[in-house]
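Asks: The chain contents come next:
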Amino acid sequence: MTDTLPYIRPKYIGQSIQRLEDSRLLTGRGRYTADRKVPRMAHLAFVRSDQAYARICNIDTEEAKVLTGVIGVFTASDFAHIPDITAPSKMLNYHATFCPVLARDFVRYVGEPVVAILAVNRYVAEDAAALIEVDYDPRDVAVTARAASDPTAPRLHDSLESNTVCSRQFLAGDCATAIDAAAHVVSGQFSMTRKTSVSIEPRAYVAEYESDKDMLTLHSATNIPGIVRDEIGRLLGLRGNKFRVVTADVGGSFGGKGSLYPEEVIVCDLAWRLERSVKYVSDRMEDIIASSQAFGEEVEATLAFDENGHFIALKADILGDIGAYSIYPWTAALEPVQVASFMPGPYRIPHYSATVRGVCTPKPPTGPYRGVGRPMAVLALERLVDKAASTLGLSPTDIRRRNLIKADEFPHRIGSGIIWNRSGFHECLTAAEDAVALTALQAERADRTEKWVGIGFASYAELTGIGSRIAVAPGMPMNTGAETATIRIDATGAISAVFAISSHGQSLETTLAQIVAEELGVLPEDVNVIQGDTSLTPHGTGTYASRSAVIGGGVAVNATRALLVKVKRVAATLFGVKPSDIQTGNGNIFVPNTNYSIDFPEIARVVYSDMSTLPQEARVTLEVQETYDPIFGTTTSATHVAIVEIDPETLYIKLRRLFVAEDCGRLINPLVVDGQVHGGVAQGIGAALLEDLKFDDAGQPITATLADYRVPTSAEVPDLEVVHIEAELPDNPGGFRGMGEGGTIGAPAAIANAVTDALSHLGIEVNALPITPSKLHALIALRQDEIDRSNE
Amino acid sequence: MKPASFEYVRPETLNDAVRALDHDDAKIIAGGQSLVPMMNFRLVQPERLVDINRIEALTPIVQTDSGVRVGALTRHVEAECHPLLKEHFPIISEAMACVAHVAIRNRGTIAGSLCHADPSAEWPLLLIVLNGEIEILGGAGSRMVTPNEFFLAPLMTEIAETELVTGVHFPLPPFSCGMAFEEVSWRAGDFAVVAAAALVSIKRDRFAEVRLALGGVFDTPVRATALEEGLVGQSANLDEIEAVVSLAAKDLEPNDDPHASAGYRLSLVPVLARRVLARALERAAS
Ligand SMILES: Cc1cc2nc3c(=O)[nH]c(=O)nc-3n(C[C@H](O)[C@H](O)[C@H](O)COP(=O)(O)OP(=O)(O)OC[C@H]3O[C@@H](n4cnc5c(N)ncnc54)[C@H](O)[C@@H]3O)c2cc1C
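As you go down the protein sequences, you meet chains A and B in turn. Just so we're aligned: the first sequence equals residues 1 to 792 in this note's numbering. Just so we're aligned: the second sequence equals residues 1001 to 1286 in this note's numbering.
Keep in mind that the hints were calculated from the coordinates and are not lab data. Some hints could be false.
Said to hold, decoys possible - In silico DSSO-like links for lysine-lysine, alpha-carbon gap of 27 Å or less: (1) B:Lys1027 <-> B:Lys1002; (2) A:Lys451 <-> A:Lys387; (3) A:Lys566 <-> A:Lys11; (4) A:Lys11 <-> A:Lys37; (5) B:Lys1086 <-> B:Lys1203; (6) B:Lys1002 <-> A:Lys37; (7) B:Lys1250 <-> A:Lys775; (8) B:Lys1002 <-> A:Lys694; (9) B:Lys1002 <-> A:Lys65; (10) A:Lys578 <-> A:Lys568; (11) A:Lys406 <-> A:Lys387; (12) A:Lys578 <-> A:Lys566.
Claimed, not checked - Away from chain B, derived, C-beta distances all over 12 Å, residues of chain A: (13) Gln15; (14) Ala76; (15) Ile179; (16) Glu721; (17) Asp788.
Since we're looking at a predicted model, the values are computed, not measured. Glycine residues also receive a C-beta, built at the ideal position from the N, C-alpha and C atoms.
Can you build the whole structure from these sequences, using the hints too?
Replies: Below is the structure:
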């Protein structure tokens, strides 16, 4: 007898396989929404408000209407049948806003759509837009969140009692007493400025009307097709049999394509009413001034700790600049509340208290943006942690090690109520410390003649793959915690896996195929991952909040396992063996060490087409549908380290190194994970050093082009170093944790700490991002003034 | 972001170009790298676009008796790599590497940049540090203009709408001379916050000629004449440079803008002045 080794099915999870979508996307064969061309397609352009807050006195459309090539000119009254967009929430102290699809009576931010023009092409539509005159009567308005939060400030919405549309308190323990009794206290004021997403593909929508079926399909560059279908359907009174949303290739979102937009509703309504297809592709300026923005928060915070550097209490006051409207579906509370939820971070802090306010300002609505609130929370906390370390003369790693939750302390509930499950908090810190060779840097840090060198750490934890028990946004009456997958083997033996997620750069076609392939025993390229089409799934929301690998990946595991049971049962009947004797791999279904072996096309033929081999009751459809809901979520953690050097004369800040040690559980595809970390970190670098949506005193955006709104280019991003830790796998199917946003969460704080470290000899702290050479110049001048005055 | 409609003509000769420009609201398009964005924003809405890209007379770079003549259509990347320019004016190559990105350098032209007259742009700065002159052709014939006459204000020059730049003359630099360029910009390829270009020549260990040009600190690029005068005749060493760098910012009153305060810009002037003068000196000496 020959020895037989146990059969091991080929592994695809964990392999850096080349992305399946690459050949299409990298050779220009991707199909984006703007690529769609259909007969009689009409093109939409908008006249947008050039006022921050004003009453609309008159709109003169006469000249535009008669321009050759113009199909129609529409104002708010033409959409009176569409309810205002409003984002409900069960959160206490939340006041919804009402956003008409076109500004009605008032405009509330520069860029708000006021008039829609439909024409035979976009050129004519813009010619017509130039002929339209809108008379405004500007109103007093408070532009900054600080000013708008004043109870006496002019209100942006007459229907609201004040500009504060949401507020909330968090309380754990007795923070005030603990702070009073503590040996040491550090505090500070921290802030970040507004950001925009800058996807390579701007927002784009094509609503196609099919007269034969009297049906409407919205092709949308969105990452929430299910939410868009449900809500536009509700607004226009169309159900799924008349209305479908499809996302083709989507060129990035980063959150900017993750909310419902008025333009999307208008495109659908016009196509449905006029019974012809309508296209709108926003240009770069529209994309910058009229897509959701984020990160505009101020935090005042205090951290109390004992002589040994153990944290005792944390107190925070958070003010969010939420813009003109509370965005659908996430609401205005999304980001500011998230800041408070994540403020306590990965540390043991017994006492916590926080107050949060979200305030309306005459600026574009804020919405999700990679990291949502956590970059601000981590900036504030990690700056305080470094301040605490320097108060006691501890190293930044020492103080973190003393306070990070230890392996045996999980699950740990932080002051905001979030529960961390086991994740490599300490392991990431140690890996980061080892990587940067601190001692070698000390000499360079000390020698300040040529360069000011600084090093900064930031540790954080985040909740990913959030299940139905926790709303992605507070009080949002929508289930974002479940995913349904249908996996089938068709009559040709091909495998398709249908999801309601919506990849817009996450490589889900590859990673989900890897999961299905490994579980089923086929090759990844044999699996056709189908997603982003609401007609193929009963329910589903999309891809956001680092959920698709955990929830989509989880349901892929469960559904494929269920399908495998069916496959094995059929094969067992065929071979006359027990189902447990059957193995699959490399596209074959077989009994090891026998010549019983068939491939997937063969089993499909036997099941679907062959009417004699199997008894009728054994000819089951090889299809399974499963739903998965992780109920809570899973904890991802990381430590980022930044090393910067500053030119003492020009104050140019060069990011020399950025190192990330992260624990995202089991890696599905390391190549993809690295790519996500790299992209996230690049956005974090932008937030730390470059990107800043500025508004002048009248609320006019003054950084509305990519010349003024500066995103990092490859020249500003160093070679990024990433180490993956798998401390202990979570118990969700597959053991995956979400990691799409982490890069943006840790990098800003690490860079702020590094720049502060580089400036330590001047006693300057960087608490507001982005920090630029010009701002540094001002900080140094201010500090010099202080010194001069105290010397007098 | 679509331009208003316009008529498009593409003359093949200089004569045809001059004739095509004799029209209400005609505008030349060269590389299109500044003009097209302005048209897309509808900041300019020319009735007629005169595309000069087919006019061969505008392309050559040739040695003349007194220096080098660079054709108006010379792309930034050609100037960056051209042997004749590298030999006589290595500073051009050094500066061109800082202009935008490769794709833009492949299209953008010397005359387009000069006529666009951005106060932070590299070409205007090079023109004044190299004592270049601009050759302009109109219905009345050809004329030569100095940078002082040419640049009036940000995005404003003295060229008439019916004229075109045909070339730029760079006189040969003095003997024993060194040049250097440096700028601070927010990102690689961005317009400079402040840019500085220096040319020094040395005779018997003294500064014989000093030229320092600054961009980004005034409506047009400027020469730091007070500094230049202070340095000429002094011993050619770093201490003498150090002694005069504060003069570089004399009489400059840059504006605040959203990205850089006037104070920050001003603080860069002596820093960049010292760096380019020191490097130019080193190169002159070797
Ligand atoms: C992203 C980006 C970054 C950039 N960064 C920089 C930078 O760092 N530094 C820098 O210097 N530039 C920069 N530029 C501008 C670039 O250098 C342009 O190429 C240059 O300013 C214009 O040259 P052009 O040939 O493209 O001119 P065009 O855009 O074709 O024309 C510009 C103007 O010059 C006029 N014109 C052109 N040729 C002639 C002629 N022969 N006679 C008379 N008038 C003429 C046109 O009518 C128009 O008014 C940047 C551009 C972009 C898009």
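Asks: Indicate, hint by hint, whether the structure satisfies it.
Replies: Quick rundown of the hints versus the structure:
no., hint, in the structure
1, B:Lys1027 <-> B:Lys1002, "holds, 17 Å"
2, A:Lys451 <-> A:Lys387, "holds, 23 Å"
3, A:Lys566 <-> A:Lys11, "holds, 21 Å"
4, A:Lys11 <-> A:Lys37, "violated, 42 Å"
5, B:Lys1086 <-> B:Lys1203, "holds, 23 Å"
6, B:Lys1002 <-> A:Lys37, "holds, 19 Å"
7, B:Lys1250 <-> A:Lys775, "holds, 23 Å"
8, B:Lys1002 <-> A:Lys694, "holds, 25 Å"
9, B:Lys1002 <-> A:Lys65, "holds, 19 Å"
10, A:Lys578 <-> A:Lys568, "holds, 9 Å"
11, A:Lys406 <-> A:Lys387, "holds, 22 Å"
12, A:Lys578 <-> A:Lys566, "holds, 13 Å"
13, Gln15, "holds, 35 Å"
14, Ala76, "holds, 24 Å"
15, Ile179, "holds, 37 Å"
16, Glu721, "holds, 21 Å"
17, Asp788, "holds, 16 Å"
Figure legend: structure checked against the earlier numbered hints; the only hint not met is number 4.
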